[in-house]
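Chains as they are written, first to last, in full-length UniProt numbering: chain R, 1 to 740; chain H, 1 to 442.
Hints listed in this document are in silico derivations from the structure and should not be mistaken for laboratory results.
Computed from a predicted structure; not experimentally measured.
Please note that the accuracy of each hint is not assured.
As the list claims (entries may be wrong) - Here are the simulated distance ranges between beta carbons:
1. 572(R) with 238(H): 55 to 63 angstroms
2. 357(H) with 552(R): 52 to 60 angstroms
3. 363(H) with 707(R): 21 to 29 angstroms
4. 384(R) with 319(H): 14 to 22 angstroms
5. 707(R) with 357(H): 41 to 49 angstroms
Backbone N, C-alpha and C define an ideal beta-carbon position, used for all residues, glycine too.
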Amino acid sequence: MPAEVKTSKKRKQDEQHDTAPGVFSKAVNMEMLSDEEGSEGEESDGQEVDEFPEIDANSDEESDFEDEDEEDEEDEDEESESEADDEDLLHVFPKAKTVVSDITGQPKRVYPEIEPEYDSDSSTEDAPNRVGNVPMHWYDDMPHVGYDMDGKRVLRPARGDELDRFLETVEDPSAWTSAFDKNTQSDKPLTTEELDLIRRLHAGENPDADYDPYEPTTEWFTGKGKEEIMPLSAAPEPKRRWVPSKWEKKKVMKIVRAIRQGRILPSKPKASAQPQFYAIWSEPSSSHPPPLPAPKTALPTNAESYNPPEEYLLNEEERKKWEETDPEDRDRDFIPQKYSSLRLVPGYDRFIKERFNRQLDLYMAPRVQRVKLNIDPESLIPKLPSPSSLKPFPTYKSLRFPHSARARCIAISPDGAWVVSGDENGIVSLWELSVGKEIRRWKFDGKVGSLEWCPRTDATFFVVGTEEALHFIIPPYLPPAIYQLTQTLLAPSTLPPTADASSPVKWSTAPTNTWTDDTPLLSIHLPTTSGLPIQIAWHRRGDYLATVSSGGGVWIHQMSRRHSQAPFKKVRGKVQMVLFHPMKPHFFVATQQYVRLYNLSEQKLLKTLTPGIKWISSLDVHPSGDHLIVGGYDRKLCWFDLELSDKPYKILRYHSRAIRSLHFHPTYPLFASSSDDGSIQIFHARVYSDLMTDPLIVPLKILRGHEITQGLGVLQVRWSNKHPWLVSSGADGVVNVWCN
Amino acid sequence: MASSSTGPSIPIVFSTQTPYPLPSQKFMLPASWKRYHLSQLINKALSLAKPVPFDFIVKGEILRTSLAEWCAENGVGEEETLEVEYIESVMPPQKMSDLPHEDWVSSVSCHLPGYFFTASYDGYIRAFDYSQKQAFTAQIHSASITSMCFIPSNDEEESTHLIATSSHDLSAQISRVTVASDPSKTSRSKVLASLHLHTGPVSSVASHPSGSHLLTSSWDSLIGLWDTSIPSSDEVPEPSITDRERKKRRKLNGGEKDADKLKRKAPLMVLKSHTARVSRVIYGKESSANSAYSCGFDSTVRIWDVENGLCSHTITASEKPFLDIALAADGNTALAASTDRTITMYDVRESSRSTTISSGSLLHPATPSCIAPGTTAHQIVSGAYDGIVRLWDLRSQKSAMTTFKAWEGKKKVLSVDWKRGMVAVGGEGGLEVWKAVEDVRS
Numbered sequence: 001m002p003a004e005v006k007t008s009k010k011r012k013q014d015e016q017h018d019t020a021p022g023v024f025s026k027a028v029n030m031e032m033l034s035d036e037e038g039s040e041g042e043e044s045d046g047q048e049v050d051e052f053p054e055i056d057a058n059s060d061e062e063s064d065f066e067d068e069d070e071e072d073e074e075d076e077d078e079e080s081e082s083e084a085d086d087e088d089l090l091h092v093f094p095k096a097k098t099v100v101s102d103i104t105g106q107p108k109r110v111y112p113e114i115e116p117e118y119d120s121d122s123s124t125e126d127a128p129n130r131v132g133n134v135p136m137h138w139y140d141d142m143p144h145v146g147y148d149m150d151g152k153r154v155l156r157p158a159r160g161d162e163l164d165r166f167l168e169t170v171e172d173p174s175a176w177t178s179a180f181d182k183n184t185q186s187d188k189p190l191t192t193e194e195l196d197l198i199r200r201l202h203a204g205e206n207p208d209a210d211y212d213p214y215e216p217t218t219e220w221f222t223g224k225g226k227e228e229i230m231p232l233s234a235a236p237e238p239k240r241r242w243v244p245s246k247w248e249k250k251k252v253m254k255i256v257r258a259i260r261q262g263r264i265l266p267s268k269p270k271a272s273a274q275p276q277f278y279a280i281w282s283e284p285s286s287s288h289p290p291p292l293p294a295p296k297t298a299l300p301t302n303a304e305s306y307n308p309p310e311e312y313l314l315n316e317e318e319r320k321k322w323e324e325t326d327p328e329d330r331d332r333d334f335i336p337q338k339y340s341s342l343r344l345v346p347g348y349d350r351f352i353k354e355r356f357n358r359q360l361d362l363y364m365a366p367r368v369q370r371v372k373l374n375i376d377p378e379s380l381i382p383k384l385p386s387p388s389s390l391k392p393f394p395t396y397k398s399l400r401f402p403h404s405a406r407a408r409c410i411a412i413s414p415d416g417a418w419v420v421s422g423d424e425n426g427i428v429s430l431w432e433l434s435v436g437k438e439i440r441r442w443k444f445d446g447k448v449g450s451l452e453w454c455p456r457t458d459a460t461f462f463v464v465g466t467e468e469a470l471h472f473i474i475p476p477y478l479p480p481a482i483y484q485l486t487q488t489l490l491a492p493s494t495l496p497p498t499a500d501a502s503s504p505v506k507w508s509t510a511p512t513n514t515w516t517d518d519t520p521l522l523s524i525h526l527p528t529t530s531g532l533p534i535q536i537a538w539h540r541r542g543d544y545l546a547t548v549s550s551g552g553g554v555w556i557h558q559m560s561r562r563h564s565q566a567p568f569k570k571v572r573g574k575v576q577m578v579l580f581h582p583m584k585p586h587f588f589v590a591t592q593q594y595v596r597l598y599n600l601s602e603q604k605l606l607k608t609l610t611p612g613i614k615w616i617s618s619l620d621v622h623p624s625g626d627h628l629i630v631g632g633y634d635r636k637l638c639w640f641d642l643e644l645s646d647k648p649y650k651i652l653r654y655h656s657r658a659i660r661s662l663h664f665h666p667t668y669p670l671f672a673s674s675s676d677d678g679s680i681q682i683f684h685a686r687v688y689s690d691l692m693t694d695p696l697i698v699p700l701k702i703l704r705g706h707e708i709t710q711g712l713g714v715l716q717v718r719w720s721n722k723h724p725w726l727v728s729s730g731a732d733g734v735v736n737v738w739c740n
Numbered sequence: 001m002a003s004s005s006t007g008p009s010i011p012i013v014f015s016t017q018t019p020y021p022l023p024s025q026k027f028m029l030p031a032s033w034k035r036y037h038l039s040q041l042i043n044k045a046l047s048l049a050k051p052v053p054f055d056f057i058v059k060g061e062i063l064r065t066s067l068a069e070w071c072a073e074n075g076v077g078e079e080e081t082l083e084v085e086y087i088e089s090v091m092p093p094q095k096m097s098d099l100p101h102e103d104w105v106s107s108v109s110c111h112l113p114g115y116f117f118t119a120s121y122d123g124y125i126r127a128f129d130y131s132q133k134q135a136f137t138a139q140i141h142s143a144s145i146t147s148m149c150f151i152p153s154n155d156e157e158e159s160t161h162l163i164a165t166s167s168h169d170l171s172a173q174i175s176r177v178t179v180a181s182d183p184s185k186t187s188r189s190k191v192l193a194s195l196h197l198h199t200g201p202v203s204s205v206a207s208h209p210s211g212s213h214l215l216t217s218s219w220d221s222l223i224g225l226w227d228t229s230i231p232s233s234d235e236v237p238e239p240s241i242t243d244r245e246r247k248k249r250r251k252l253n254g255g256e257k258d259a260d261k262l263k264r265k266a267p268l269m270v271l272k273s274h275t276a277r278v279s280r281v282i283y284g285k286e287s288s289a290n291s292a293y294s295c296g297f298d299s300t301v302r303i304w305d306v307e308n309g310l311c312s313h314t315i316t317a318s319e320k321p322f323l324d325i326a327l328a329a330d331g332n333t334a335l336a337a338s339t340d341r342t343i344t345m346y347d348v349r350e351s352s353r354s355t356t357i358s359s360g361s362l363l364h365p366a367t368p369s370c371i372a373p374g375t376t377a378h379q380i381v382s383g384a385y386d387g388i389v390r391l392w393d394l395r396s397q398k399s400a401m402t403t404f405k406a407w408e409g410k411k412k413v414l415s416v417d418w419k420r421g422m423v424a425v426g427g428e429g430g431l432e433v434w435k436a437v438e439d440v441r442s
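Input sequences plus hints: build the corresponding full structure.
Structure below.
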């Protein structure tokens, strides 16, 4: 059996070490080999143990002798040579002689005896200076360098200057092998031994010239004739040395049996060092916050006392009720009992249940501490300049202009002096902005859906949109030049040729003899089913105007050619509003959910903006043309940077009801939004020409003053061109002027 | 003199500009005293025959509470000596008459003794005598009249006056008005000349104190200077008008003879400096009659050298579109009403023109639309869009001396005039006359 063999061999090896500690026998090596092979029997082992390697002592000795003889001869030669050269040479290391020992008969090395008188330190023998081992710089300022044996001063030998020394080195061939002797304060030539010593030290060799690092080993107990044949002890070899161990066998067999029966798994997976259970509440962890405090058990109350006051005891009704309710619905999971003394209290039958509940509580308790964010809400609010630094903006209601019905639309003249407002009774009033005095009034059939003043400065008129028609009206009190031009613009003496007679839009000019200031000079009759024009948008040059009808039809009318066209053959969704771009030949069309930007000259779609509003109610474009605000019936106001993205740059939700109207101030950095909640909100909106700087939007002021009638609030807001004044029309039939 | 009543007393030094001076002496007065006690004190101290009520101004604020309350409000210790200025009280104004108009009244004038003149948005000029009877009415303009002024003349007979009016129809007119003193005669009016310069509605017209020149301001940012002589023929050619207009014009003139036809006048000079609408132009007082003052929507008050037609000084405010300007009675202070609900005072004397800082402002709760000076240099009256007329003492700028409300409801006041103890208030509700004695002595 291999295990047995192994152990026995090991033991033998140990024994061998014990018996012959200094000998590295071949047998050991062989045994190690056999150990690796592991196939040899016990007999061979025993043979090897018995055998002892023969030691050829004689040959070794002979060779030793020869070697030493040769060395001796060489030494002698060297000695003779050195003696011949210089007898006074100092021997740094005394030379050894090899003699045959009388006792052992073996050759041995004998060193010359040290004679204390002369040989001990020959270097001091003729030193005249006996000052001793003192620092010689003590004599630096003296004429002498010490004292001789007789106490006489030893005078400092003459020493040349640097030049002499240099010449000396040139002239004297032995100068480079001499060294300065401090004791005599003079140069002294080094001896051959000393030079050799220096050379050896320099070469990193052993300084002793006689040292042989490769001396042959001296075999004391090995070799021919030196074998130690007799054992140290005469005791016979114990039996256990070669008989296999019974107890070991038994033990091994027990293990083997256990393995066979499966009691011991040879390759059992190691149990993890980590204990499976650990105190979750007590163990502090380095990476986690400190352990949570375990949920505390509720302290016992009076009802849990063994002798509670009477009022805690349940009466019959309460007990019955307690028993009827489900255990989880009971407000108390025990019945208070009264005992006259603690001695009478029975064993606690709910102990297990209570411990289980406690464990359940601990188990179910939240392990994560909810991190409470201590953030100052003020710090989250973006830093905005204070509204008072952004003056002027409208702050109060200056004027109030009443209408008899819902005032749906207003328009302010380009010079900012006049306001026209239209209501649902068909009345259009022209009044002075700064005073609020009605100057002129026009009456139309049906509602007035939209009003817009022509942006031209050389001609002054405004357009009123009523049911399926647009009326062009000249206000009174115009300078003659402007009046003439306006008249010729609206009613040219020679009509341009009608491009398409079958066009559904009819332009009709009032005949000059019947026309008065109270009637429109020019009317455009839209197709009969188009409905009320809800919006009129002028191009900035005042030649084109676009109208949106309540039926969703979009028409673009050209004043100079007296021609109307529908720019879109088919529109996806109902058009809410249209706008001309203030700079480029672009056209914004807002349908129910999207704002599309068309290039009119190239007749293609440029962009589709998705505000994320369910139903767009209004939009306005910044005077720079790069920014757009879109308001919706779902109270959202989206700011678009047209250069930036199709998605809103900012979404403002300040109104509590649907947004009705938006307007950018033409010159001041302001915009206003009006809503069905009856309020108007004024925002500061500064747009930077630097593309990297985001527009600054600051809510400034909420203007309240319109009443909500039939769920409708402020229907339209418009800015005065030159002043930060706002005009708003409400469903309550009032047009208000807000001043700074 | 200090009463022996209990409670703390306050050291007070009185000063005044009234003809009732007290010796400059420190009085220890009980802190519980109010205006009435102080007024009594002064009356007794001076032993006036007829009691004169006084008002007291402490640090630019009129005293309405007791001295102790005032000190507590303003954080003044009781040890401090208070300097109190006293002025004659203004009696609470009393309503004298209410004269409703068909249209809004844009301008009122008490210039003519015995009559109130009103100019209305319907183009009419009306005159009422003190017995509230309408003495005169005539349509001068076909469009709204924005402003009206009398042109003083010496050689005319008593009942005939020259009136200049400005209108929305881009022109101003000079009319001769004869008001009949007794009911047997009929009042007549005749438009003598129309002034043609402006291309926007004319906002105001003002006459030189001597009656020789007129100034008109307009929305087109121009100010026109005119003389009041009536030319024999048109200085400005009539615009080429269409047949329809000519017909209308003929109908309006009623086939008058050419000599009686109104003459079209051209301006002597155009004062150009404003950059936006000029809301009002006025002449200086008699001492500096060659200067004019104008204010406009460009937030400036300009002082003009009328002889040379130059703007001699410009006061620039920030974001204050001005609606009206008036000079205080001494002519040293200009008051300009702006849409930011303030009336701002500017010192317009030659010496202080280097600084354009306002010397104070009167805050209003609504847009102030008109200002009229009183006869003393400290008193003005202002009307606002909330229908309230306020009497101010410029020494007490924090609150008005007294206020009264014209008309029921919220009707705008568009014009005020204050002469001979009567405040004429014109506006949305017509004309109202209130009695407000500006000077107790008179």
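request  = Sort out which numbered hints this structure fails and list those numbers smallest first.
outcome  = When the structure is compared with the hints, none of them turns out to be violated.
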